[in-house]
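Visitor: Top line first, the protein sequences correspond to chains A and B.
Per my numbering, the very first residue in the first sequence carries number 1; after that it's consecutive.
Per my numbering, the very first residue in the second sequence carries number 1; after that it's consecutive.
Calculated directly from the structure, the hints in this document are not laboratory data.
Take the hints with a grain of salt, since some may be wrong.
Straight line, CA to CA, 27 Å or less: simulated DSS-like cross-link-like pairs of lysine-lysine [what the hints assert, rightly or not]:
hint, chain 1, residue 1, chain 2, residue 2
1, B, Lys185, B, Lys200
2, A, Lys130, B, Lys185
3, A, Lys101, A, Lys130
4, A, Lys130, B, Lys63
5, A, Lys178, A, Lys167
6, B, Lys63, A, Lys101
7, A, Lys7, A, Lys347
8, A, Lys107, B, Lys200
9, A, Lys101, B, Lys200
To give an idea of the chain B side of the interface with chain A (calculated C-beta under 10 Å), a few residues [to be verified]:
hint, residue
10, Leu84
11, Gly87
12, Leu88
13, Leu92
14, Ala94
15, Pro184
16, Lys185
17, Ser186
18, Val187
19, Glu189
20, Ala190
21, Gly195
22, Gly197
23, Lys200
24, Leu209
25, Thr211
All C-beta atoms, glycine included, are put in the ideal place defined by N, C-alpha and C.
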Amino acid sequence: MAELILKDLHKSYGGTEVLHGISGDIGDGEFVVIVGPSGCGKSTLLRMIAGLESITSGEVRIGGRVVNDLEPAERDIAMVFQNYALYPHMTVRQNMAYGLKIRGLPKAEIERRVNEAADILEIRQYLDRKPRQLSGGQRQRVAMGRAIVREPEVFLFDEPLSNLDAKLRVQMRLEIRKLQERLGVTSVYVTHDQVEAMTLGDRLMVLNAGHVEQFGTPLDLYERPASVFVAGFIGSPAMNFLPAEGIEGGLLRLENGATLPGARGAGPVTLGMRPEHLIADSEGPIRIRVSVLEQLGSNTLVHGTLEGTEREMVASLPGIHQIPEGEVLGFLIRSDELHQFDAATGKRL
Amino acid sequence: MLKRVHFPPSLLPYLLVAPQVAITLIFFIWPASQALYQSFLIEDAFGLSTEFVWFENFIALFKDPIYVETFWRTAYFSLAVAGLSMGLALVLAAFADRVVRGATFYRTLLIWPYAIAPVLAGALWVFMFNPTLGIVAYALDAMGIEWNHKLNGSQAMLLVIMAAAWKQVAYNFLFFLAAMQSIPKSVIEAAAIDGAGPLKRFWTIIFPLITPTTFFLLVVNMVYAFFDTFGIIHAVTQGGPANATTILVYKVYNDGFVGLDLGSSAAQSVILMVIVIALTVVQFRFIEKRVEY
């Protein structure tokens with residue numbers, strides 16, 4: 001077990017830079033999820049930590065040791081791949097024992113560790129099967145078993161659940177979390193699924209186009225998103241964004257002329273409002289013309305446009321509502337739940 | 001239930017397969033049956049009379065020490081050719097698989113020898129190793145090795161093995177490379193993380209995973225060495241010196257068309273036919289059963 005420190009990591013392919021200086025300290029036993037849209041460089045970052053991609057500049061430290069020039073095998077890490085990457089010609093037992101055998105562990109010790117891992121993952125009865133005789137979820141367990149028998153300093157997960165069906169994914173998500181807590185191994189987990197990220201991680205590193213947008217706890221990200229990108233990425237349904245302008249008297253003027261209190265400066269800003277934070281109020285300044293309702297039972301999603309404009313907006317009302325199409329509803333928002341971003345840079349104000 | 005589609009009876013499908021059927025009948029079935037028939041006959045030296053002798057030709061062959069010797073020589077030759085060419089191809093493919101830059105360039109170069117006709121390949125090696133003119137023979141001479149495959153039987157054998165193997169390397173290389181590239185990259189990476197170095201990865205992961213290809217190539221190479229090497233041997237040594245490079249297929253030609261012992265020659269080709277059929281059966285059986293994963 002060890003801490004993992006990333007220091008100003010850059011990665012270039014030929015002349016194009018894909019990672020522009022990633023830094024972050026991951027504490028001993030911490031579970032960090034790297035999340036971002038496809039192509040943001042999150043898998044590349046993970047592979048650089050693993051040693052499968054070279055590091056253009058910067059530093060990766062595992063347990064105080066700079067591992068930049070070490071082979072993957074020497075970094076004391078274990079990785080779980082998206083497609084499981086099991087050795088198809090070996091049994092489950094051989095798959096799990098492979099790494100230990102290469103490291104020259106005594107037979108009894110290998111046997112003990114494999115059995116122990118098999119018990120934890122409940123795959124004891126499959127030990128003598130080949131991977132092709134297993135289902136997706138079972139293969140995933142074997143892949144994790146192969147990682148835990150090694151007792152590494154760091155676990156790396158590369159979208160391990162994206163090949164599973166929705167139900168199994170939720171179940172495995174919980175199991176991974178429980179397993180990590182039980183073993184207490186520092187873990188880095190890559191995913192593009194924000195729900196997975198929110199539920200698994202102690203902290204989330206949101207990547208966008210090779211930059212760290214924000215690195216914080218899930219609630220941090222939800223309550224105080226550092227940029228428009230993070231705000232839009234975390235939370236479902238996604239946050240509403242409205243252009244506005246700070247005017248005299250500390251007011252914010254929307255496109256349709258309505259005003260809200262609580263401006264944090266003058267000039268153009270982007271306002272962010274979570275659908276669940278909009279409170280229905282007939283006198284409310286935010287007026288939405290209703291187009292479609294989504295009935296979820298516990299709440300109702302109201303889709304519409306800001307009155308007088310074409311801005312799409314969503315509000316979430318608790319309980320069941322019947323609202324005719326074309327009706328205009330008023331909404332309020334608490335000023336501490338009203339996010340304001342610089343219109344030019346997208347950074348939080 | 002699948003619905004069956006019925007077509008009205010028509011002559012067209014028969015017409016379409018007719019050329020292939022005709023070719024098979026004329027060039028395969030007919031000569032093969034002729035050979036089979038011939039193998040039961042003995043003809044006198046002047047071709048005036050023939051006599052039906054049942055299996056006498058075969059019995060004579062297996063009692064003939066020269067034939068038995070040729071049999072073992074052929075086994076040695078084909079194993080050596082298959083082993084050498086597959087071994088070289090495997091090494092080349094393993095390296096080509098790791099090349100990132102200029103991969104297409106290397107591959108193109110490595111595939112070229114396959115496009116060369118056997119006789120030309122033979123001619124190439126004859127010139128290089130010609131005892132009086134050859135550049136390699138000259139170099140060997142400078143190193144104190146006397147090269148004369150026209151007198152030295154084992155040198156002649158070595159030469160035809162090299163020529164035949166070299167020609168087949170490209171083909172084997174293609175199949176090995178394709179097999180290696182069909183192994184998911186993440187499996188290799190997982191092995192690297194598990195601590196296996198390149199050589200260990202090759203023997204414990206890559207090689208077992210390409211076993212089906214290896215076996216397929218083994219059979220193909222055996223068949224190649226048995227038959228397609230005729231052109232090379234004919235160009236390089238004509239089976240000599242003193243039969244040192246006469247393999248079964250060359251003996252068929254020699255006995256039949258040079259020695260004019262048609263009955264024995266036919267019997268030998270029937271034996272070859274049986275060997276090919278056996279190899280093919282083994283191959284199909286194996287491929288059906290042993291697809292590992």
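Visitor: Grab the minimum C-beta distance from Lys200/B to chain A and call the hint holds if it beats 10 Å, violated otherwise.
Guide: Hint on Lys200/B: holds, closest Cβ of chain A at ~7 Å, below 10 Å.
Visitor: Measure nothing beyond the straight line between the CA atoms of Lys7/A and Lys347/A; if it is 27 Å or shorter, mark the hint as holding.
Guide: holds, 23 Å
Visitor: Given Gly87/B as an interface hint, is the shortest Cβ-Cβ distance to chain A below 10 Å?
Guide: violated, 21 Å
Visitor: Regarding the pair Lys130/A and Lys63/B, is the alpha-carbon distance no greater than 27 Å?
Guide: Violated, because 51 Å separates the two Cα atoms, which is more than 27 Å.
Visitor: Quickly compare the C-alpha distance for Lys130/A and Lys185/B to 27 Å and report which way the hint goes.
Guide: OK: Lys130/A and Lys185/B at ~19 Å, within 27 Å.
Visitor: Under the criterion of a CB-CB separation shorter than 10 Å, is Pro184/B in contact with chain A as hinted?
Guide: holds, 6 Å
Visitor: The hint names Thr211/B as touching chain A; please verify it with the least Cβ-Cβ distance against 10 Å.
Guide: holds, 8 Å
Visitor: Just to be careful: measuring from the Cβ of Gly197/B to every Cβ in chain A, is the smallest value less than 10 Å?
Guide: holds, 8 Å
Visitor: Please check whether Leu88/B passes as an interface residue: C-beta within 10 Å of a C-beta belonging to chain A.
Guide: Violated. Min distance 25 Å.
Visitor: Mind checking the alpha carbons of Lys101/A and Lys130/A for me, to see if they're no more than 27 Å apart?
Guide: holds, 18 Å
Visitor: Let's test the interface hint: is any C-beta of chain A closer than 10 Å to that of Ala94/B?
Guide: violated, 17 Å
Visitor: Going straight from one Cα to the other, do Lys107/A and Lys200/B come out at no more than 27 Å?
Guide: Answer holds: Lys107/A to Lys200/B is near 19 Å, not above 27 Å.
Hint compliance for this structure: hints 4, 6, 10, 11, 12, 13 and 14 are not met, and every other hint is.
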